[in-house]
Each structure stands twice: as C-alpha cells, then as structure tokens.
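If you read the sequences in order, they're chains C and B.
For the first sequence, this note's numbering gives the first residue as 394, with consecutive numbering after it.
For the second sequence, this note's numbering gives the first residue as 394, with consecutive numbering after it.
Careful, some of the hints might be misleading.
Because identical chains share one entry, a pair is satisfied inside a single copy or across any pair of copies.
Simulated crosslink set (DSBU-like; lysine-lysine; CA at most 35 Å straight-line) [what the hints assert, rightly or not]: (1) K735 with K396; (2) K817 with K415; (3) K580 with K826; (4) K826 with K415; (5) K415 with K738; (6) K735 with K415; (7) K671 with K779; (8) K516 with K396; (9) K620 with K396; (10) K779 with K482; (11) K738 with K826; (12) K625 with K671; (13) K435 with K492; (14) K620 with K435; (15) K826 with K671; (16) K671 with K580; (17) K516 with K625; (18) K671 with K797; (19) K779 with K396; (20) K580 with K738.
Don't read these hints as lab results, they were simulated from the structure.
This is what each chain is made of:
Number of protein chains: 2
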Amino acid sequence: MGKDRIVVGVIGFGTVGSGTVKILLDNRGVIAERTGFDLVLKRISDLDISRDRGIRLGEGILTTKAGDVLDDSEIDIVVELIGGIHPAKDFIIRAIENKKHVVTANKALLATEGNEIFREAGKHGVEVGFEASVAGGIPIIKVMREGLVANRILNMYGIINGTSNYILSRMTDEGSEFSAALKEAQKLGYAEADPTFDIEGIDSAHKLAILASLAYGIPLSYESVYKEGITKITPQDIEFASELGYKIKLLTIAKAVNGEVELRVHPTMIPSDYLISKVDGVFNAIYVEGDAVGSTLYYGRGAGDMPTGSAIVSDIVDIARNIRLNATGRVPLIRTAPSGLKVRKMDDVESMYYFRFSALDSPGVLSKISGILGDNNISIASVIQKGRRVGGAVPLVVLTHRAKERDVLGAIRSIDDLPVVTDKTHFIRVEGKE
Amino acid sequence: MGKDRIVVGVIGFGTVGSGTVKILLDNRGVIAERTGFDLVLKRISDLDISRDRGIRLGEGILTTKAGDVLDDSEIDIVVELIGGIHPAKDFIIRAIENKKHVVTANKALLATEGNEIFREAGKHGVEVGFEASVAGGIPIIKVMREGLVANRILNMYGIINGTSNYILSRMTDEGSEFSAALKEAQKLGYAEADPTFDIEGIDSAHKLAILASLAYGIPLSYESVYKEGITKITPQDIEFASELGYKIKLLTIAKAVNGEVELRVHPTMIPSDYLISKVDGVFNAIYVEGDAVGSTLYYGRGAGDMPTGSAIVSDIVDIARNIRLNATGRVPLIRTAPSGLKVRKMDDVESMYYFRFSALDSPGVLSKISGILGDNNISIASVIQKGRRVGGAVPLVVLTHRAKERDVLGAIRSIDDLPVVTDKTHFIRVEGKE
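From just these sequences and the hints, can you work out the full model?
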C-alpha cells in the first residue's frame with residue numbers, strides 16, 4: 394500500500410465547491426474508515442474569499458490564486474468547480490501538465506472539449522473524474538463504466554435536467570403556462586436568470602454526449618446531438634397527453650439502431666405508467682437497458698451542493714485508490730471503440746408522433762390531413778377531435794404509429810399550407826410500446 | 394500494464410452459470426474494447442454436463458470435477474454458482490487457498506459465513522466479488538462501496554426478493570389470496586417448490602445483512618436481522634392499506650438511529666405515491682438515503698440468468714482490472730469500522746403501525762381498545778370502522794403515530810385477551826412521513 398494521505402485542492406468555492414468542502418471535512422473520518430487513507434484538503438481558490446459559506450476552515454487554506462492550487466507540488470488531485478469553458482479548461486490542462494489528477498463537474502467543457510482533455514490526461518498518465526458532470530449525486534458514470542460493463546447498451550432514456558423537469562412537473566400539476574412555471578422556478582432558485590442552457594435542452598445535450606460516449610464507445614460528440622427545448626410545450630398539450638395516457642418530459646435518448654446510434658434531446662411523451670414518468674420536480678433519473686441486465690433505472694438529485702459534492706468526493710476517493718496502488722488508468726477514460734457506431738441523422742430517426750393541428754371546424758378537414766399523412770407513409774393510431782374552440786379554431790390531435798422524422802417534417806409542411814389550417818402544427822415525439 | 398488475458402473458470406452451470414457463460418462468450422469483444430484485455434473462459438464444471446443449455450462451447454471446457462477449475466494453475470478467477478452452504482464454501486476456501494480470486498452470487502453463504510470467507514481472502518491477498526448476491530443485475534454493491542463512499546448512510550429500504558414482490562403485486566392487482574398468488578408464482582417459475590426462503594423473508598434478510606455491512610461498516614450479522622414473511626397478509630389488509638393511501642411490500646430496512654442500526658425485514662405499508670411503491674412484479678429496487686446525496690433509488694431485475702450474469706461479469710472485469718495492475722484489495726472487502734454501530738433490538742424499534750382488530754360489533758369496543766393503546770403509549774392517527782361483518786366479527790382498522798415495538802406487542806397481548814375480541818390482531822409496520 395502506498396501513501397496514506399492524499400492531498401486535494403479545490404478551485405471554485407461556489408455552491409458545489411462548498412458542498413464538496415463540507416463533505417471532505419465532515420465525513421473525513423467515515424471515509425478514512427472505509428478506505429484506509431486520509432483525504433487532506435490543502436487549498437481552496439476562489440476570486441471571492443471573504444464571503445461566509447458557513448464552513449470553518451484552517452488558516453491559509455483559502456487563496457484567490459488558482460495557481461496556488463495548480464502549482465502546489467504536494468497536491469495530488471485538483472478539483473475544478475468554476476464551470477464554463479475559460480479559464481476552466483486552461484486550469485485543467487495546467488493541472489494535467491503538472492501531473493495532477495483532475496476531478497470536474499463541468500459538463501459543458503467536457504462535452505465540447507473533452508476529447509482533447511482526455512487525450513492530454515492520457516499523455517500525462519493522470520485521471521480525470523467526471524461523475525458529477527451528469528445527474529448530480531446519482532453514480533451513473535460509474536454504473537456505465539463499471540457496473541454495466543458486461544452489457545451492450547440497447548438504449549438509455551434520461552431526465553437529466555432538473556430545471557426543465559421542475560417546470561414541466563409544475564405545468565402538469567397546476568395547468569400553468571410555461572412562462573409562469575419558469576418564473577416560479579427562477580424564484581425558487583431552480584432556474585438561472587438566463588435559463589437558456591436548461592430550457593433549450595443544451596445542458597441535457599452536454600450530459601447526453603458524455604453518457605453516450607461511455608455507452609457506445611464513441612468520441613464525445615455534442616455537435617451531433619439533436620436538441621429541442623421545452624419552451625413550446627403548452628398546458629393544452631400536457632392535458633391531451635394525459636388524456637392519451639402519457640406524460641411529457643424533456644428526455645435525453647440514446648439508442649442503438651441498425652449499427653447507428655440516435656442521440657437526441659426533446660420533449661417526449663412517455664406512458665404514464667412507466668417508472669420514469671413518475672420522476673417529478675428537480676429529480677433526475679436515467680433508464681438504461683442492457684442486453685444482459687435488461688431494464689434498470691437510477692434516480693436521485695441532479696443538482697445541489699451536497700448531492701453534486703457526493704459525486705465529486707466519490708471521484709476523489711476513486712482516484713486516490715488508484716494513486717495509492719499505482720493503478721492510474723485502471724478504468725480507461727472514454728475509449729473509442731474501433732467498431733464505433735455513427736450518430737444517426739435526425740431525418741432518419743423513427744418515432745411515434747403526437748400532432749396537434751389547429752384547423753377550422755369544417756367538414757373534410759380530418760380527411761385532408763389524414764390524406765397527407767398517408768401520402769407521407771404516416772399511419773394514424775388514434776385521433777382526438779373534441780370540437781372545443783381554442784382561438785377560433787379547433788384542435789385536432791393525432792397519435793401516429795412509427796414514422797420517419799423526414800416524412801413527418803414533409804407532411805407538416807404540406808399540412809401547414811392547407812387553407813383550413815389556421816396555425817403551425819405542434820408535434821411531440823412519443824416513446825413506449827406501439 | 395500487466396497481462397492482457399485473464400482466465401476464468403466457472404463452477405455451476407445452472408441458470409446463472411448459463412447466463413454468465415453466454416455473456417462471457419457473446420460480449421467478449423465489446424468487453425475487450427472497453428477494458429483493453431481479454432476474458433478467457435477456460436473451464437466450466439457441473440455434475441450434469443450432458444444437458445443442452447443452447448450454448449456452443451469449445452472442446453474440453455466442460456468437466457464434472459470442480460477440482461479441474463479449482464486447481465488449474467492458469468485460472469485467475471473462479472466463479473462459484475452452485476449455491477447453498479456446502480460444498481460451495483469448501484470450493485471457495487480452496488480457491489482462495491490456491492490464490493485464486495472468487496466471484497459468487499451466493500447470498501446465503503456470504504450472509505452466514507462471509508466474515509470467515511473475507512478473512513481468508515484477506516489473508517491470501519485475493520478478491521471476493523459479490524455484486525450478484527444482492528438485487529441481481531442492479532450494481533448496488535458497487536454503488537454502496539464506491540458510488541456513495543462519501544456519504545454516511547441514513548437509511549436504506551429495499552424490495553430485494555422478486556418472488557414475494559410478485560406475490561404481493563398479484564394479490565394487490567387481483568385481490569387474490571396469498572396461497573393462490575403463490576401457486577401462480579410457482580407455475581411461472583418465480584417461486585420454488587419449497588418457497589420458504591423467499592416468502593418468510595430469509596432471502597431478503599441474507600441480502601440485507603450484506604448491504605448493511607457495507608453501509609454501516611459492521612460485520613455480516615444475519616442472525617441480528619429481524620425477519621417476518623408475507624404469509625399472513627390478506628387481500629383485506631391490502632384493500633385497507635390502499636384505502637389509507639398505502640401499498641404493502643416486503644421491505645428490507647436498514648436505518649441509523651441514535652448510534653444504533655435497525656435491521657429488519659417485514660411486510661411494510663409504504664405511501665402509494667413513493668417511487669418504491671411503484672416497483673411491482675419480480676423487479677427489485679433499493680432506496681438509499683445518504684447525508685450528502687439525499688434520496689437515491691436503484692431499480693432493475695433481481696434475478697434471472699442474464700441480469701445476474703451481468704453482475705457476475707462486472708465483478709470479473711473489476712477483479713481483472715486489479716489483477717493487471719497489481720491492485721488487489723483496491724476497494725477493501727467489508728471493512729468493520731472501529732466506531733461500528735450496534736444492531737438495535739427489535740423491541741426498541743419505533744415505527745408507525747397498522748392494526749386490524751377482529752371484534753364483536755358491540756358498543757364500547759373502540760373505547761376499550763383505544764384505552765389499552767393509550768395505556769401503552771400508543772396514540773391513534775386514524776380509524777376505519779365500517780361495520781361490515783367478516784366471519785361474524787367486524788374489522789376495526791387503526792393507524793398509529795410512532796410507537797415502540799415493545800409497547801405494541803404488550804398492547805396486542807392485552808387486546809387479544811378482551812372477550813369482545815374474536816381473533817388474533819393483525820399488525821403491519823408503516824413507513825413514511827408521520
């Protein structure tokens with residue numbers, strides 16, 4: 394056994410930084426009992442070292458200079474918790490070049506620059522831990538890299554953005570509009586002043602890129618992830634979905650199909666009796682189906698100081714275990730399979746669809762619309778036509794059998810051109826058994 | 394990096410053995426891509442090597458002699474899948490003495506003889522993998538030992554016996570009697586001809602002993618687990634529970650309370666809107682609450698050839714990763730904490746309770762019963778008294794606030810002695826917010 398103390402430095406003393414530091418201090422004893430070694434927190438850097446975080450720290454731990462962490466020869470593991478691309482990336486690269494192991498929660502950075510970071514880490518023989526980058530405290534990275542290592546991953550569905558899940562849950566429970574639910578989320582601190590990353594599916598897409606590369610042995614390919622946010626979902630859609638036996642969730646989907654992999658983030662209707670449909674509020678869950686293990690699901694808090702800190706510290710322990718035994722690289726960083734799958738073009742994706750057409754309440758409308766759907770190889774599974782007027786027109790709701798995205802987009806273009814159609818057609822992709 | 398092939402031998406070619414072998418053969422390529430080394434299955438021993446398992450094996454792999462696996466100097470990892478105490482234990486000890494790492498799914502053996510087995514493994518510097526011993530394919534052992542390593546575990550609730558969960562789900566969905574649901578489970582192969590281990594909570598208690606030792610750093614203490622089966626649950630109880638907003642599940646409970654830990658398995662009423670209440674049929678789930686991570690839940694198949702095989706092979710990979718880097722012992726086997734908690738006596742446990750009294754439909758009955766409850770420090774939260782006669786008497790249902798098990802047992806003794814009480818009182822412990 395190697396050294397019995399592993400020295401840690403933290404860059405970024407915000408929410409997650411505070412949670413991480415609290416755990417390192419409060420649970421130091423129980424972690425040492427479990428592992429047989431001591432985690433020593435040596436330095437914390439942040440631009441603001443005067444604010445009181447309610448944590449009692451020893452003299453000389455706080456510094457405003459990241460360099461005091463990055464260049465301290467005694468520090469084994471650097472924890473990067475400032476977020477964003479720069480200077481986070483520069484700090485991480487400098488830590489790696491200084492032969493320090495890195496732990497980060499920075500999904501945006503990893504999803505976009507991760508291939509380079511992992512390459513650098515490999516070159517310098519250090520580890521990069523990123524458990525906290527996806528789904529907060531849920532140990533989904535470890536599950537994918539180790540727990541399910543024996544499986545080909547068939548598909549993976551995730552609710553991995555707490556903000557949008559909170560907003561959709563609220564809209565579902567209270568029938569409120571998107572904008573009202575967003576405001577509420579902002580008031581409670583669940584959404585940021587600029588909520589773009591969360592509500593437009595960008596944050597989910599970052600995380601999906603990370604999960605998919607682990608599941609399918611492909612490089613991090615954020616640019617290839619199709620993304621669509623929740624801003625266009627209306628209470629009316631949620632009500633129709635419920636009537637049809639579905640819930641609407643912002644779902645990340647990764648799916649192996651005929652030698653390709655689908656990577657997409659969009660509002661999705663899921664059968665209400667599926668376990669993942671019952672994941673509400675700020676909670677996260679990931680459903681993973683493997684060829685051997687079958688259906689599995691992992692559930693927990695996807696954000697917050699302590700849950701994310703739990704993931705950060707589990708990474709620190711993991712890396713520390715390797716440091717002590719000279720076992721760095723024990724579990725390879727994302728490994729690109731020679732037989733790697735290609736990401737499928739969105740046009741080629743097949744799905745079931747929910748359409749909400751806005752049409753004049755005149756005879757023959759359904760026949761015209763269903764004619765166009767048929768011409769585009771889209772067959773109808775069920776129809777709701779209630780004759781209730783919304784803004785002068787009548788909503789006509791159609792659920793389809795499996796159809797091609799390309800055909801669907803074509804059909805909608807034709808349908809929206811019909812004189813009887815009064816507004817742009819809304820559609821939501823549907824998952825579940827056909 | 395060390396050797397690039399790790400040699401595996403399997404003892405026991407039954408259901409789980411077949412699943413394990415299938416995965417080792419079918420997913421050999423994808424596992425090698427992920428790990429960078431090759432898992433070679435060299436030998437499989439079973440008393441019956443003539444039966445066709447639908448798996449094509451090379452010449453000379455099958456043998457009837459366990460010794461051909463245990464004493465083969467080329468084999469690195471021995472997988473024990475015969476179950477039971479003897480000769481499984483003897484095989485495992487012999488493998489360990491031969492300096493072979495061991496992977497096993499044998500919860501009965503580990504729960505009762507695990508302390509000795511782990512001690513022997515430690516002495517000989519080999520690993521024992523037991524992911525498959527609890528909750529089949531759900532990687533809960535890895536989650537407890539690694540994913541949540543930063544947390545003090547506050548409590549842990551599990552549905553980890555698929556057979557009894559299937560029976561209770563069936564009783565709930567169809568209003569059937571226990572005996573009918575058991576027969577159905579046996580017909581479908583979900584229950585064995587002798588179902589004692591499953592329906593009496595013994596199997597759940599084995600698994601709880603394993604989980605609790607990981608969560609709380611205590612030795613394996615199967616004898617200290619309180620256990621009670623599901624044989625006395627009636628459709629009537631399930632109906633009353635539903636009326637009160639609860640489901641009845643065979644729950645394993647581990648809970649840290651005032652420096653002690655509760656370890657118990659019994660039918661439990663859980664609020665219907667809890668996620669774990671929605672885990673039905675043969676599925677398993679474990680809810681774990683950590684001081685940092687908060688609420689988490691892990692869900693999947695708890696049995697079956699392929700799900701259990703998934704866990705077995707993940708252990709093989711884990712150990713292989715250590716073999717290659719001389720990192721054996723990287724994650725300590727169950728480590729008994731010096732500050733270890735004591736198991737709380739069942740008499741001292743506090744819980745909410747559901748009582749179903751059978752009493753004559755005469756005035757003053759409720760007052761007599763509630764008087765005795767009051768005398769025993771048990772306060773009533775709600776009452777259902779419907780006046781419907783069942784076997785000449787009227788069921789009176791009472792839900793209590795938090796009370797002590799000792800007081801409850803005392804109260805029931807007094808109540809069952811009342812002349813107006815016509816049958817033994819049924820009670821079920823209740824979890825959830827008070």
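Results for each hint:
1. K735 with K396: Between. Shortest inter-copy distance 32 Å satisfies the 35 Å Cα cut-off; intra-copy 44 Å does not.
2. K817 with K415: neither (51 Å within a copy, 52 Å between copies)
3. K580 with K826: between (38 Å within a copy, 27 Å between copies)
4. K826 with K415: Between. Shortest inter-copy distance 28 Å satisfies the 35 Å Cα cut-off; intra-copy 45 Å does not.
5. K415 with K738: The answer is between: 33 Å across copies meets 35 Å, while 45 Å in one copy does not.
6. K735 with K415: Between copies only: 27 Å across chains, 42 Å inside a chain, cut-off 35 Å.
7. K671 with K779: Cα proximity of K671 and K779: in one copy and across copies (28 Å, 33 Å).
8. K516 with K396: both (24 Å within a copy, 21 Å between copies)
9. K620 with K396: neither (46 Å within a copy, 43 Å between copies)
10. K779 with K482: neither (55 Å within a copy, 68 Å between copies)
11. K738 with K826: Answer is within: at 23 Å inside a copy they meet the 35 Å cutoff, but 48 Å across does not.
12. K625 with K671: both (22 Å within a copy, 31 Å between copies)
13. K435 with K492: within (17 Å within a copy, 40 Å between copies)
14. K620 with K435: Result: close neither inside a copy nor across copies, 41 Å intra and 47 Å inter.
15. K826 with K671: Answer is both; intra-copy 17 Å and inter-copy 19 Å each pass.
16. K671 with K580: both (24 Å within a copy, 32 Å between copies)
17. K516 with K625: neither (45 Å within a copy, 63 Å between copies)
18. K671 with K797: Intra 28 Å, inter 33 Å, cutoff 35 Å: intra and inter.
19. K779 with K396: Classified as neither; 72 Å inside a copy, 69 Å across copies.
20. K580 with K738: neither (38 Å within a copy, 46 Å between copies)
In summary, the structure is inconsistent with hints 2, 9, 10, 14, 17, 19, 20 from the numbered list given earlier, while agreeing with the others.
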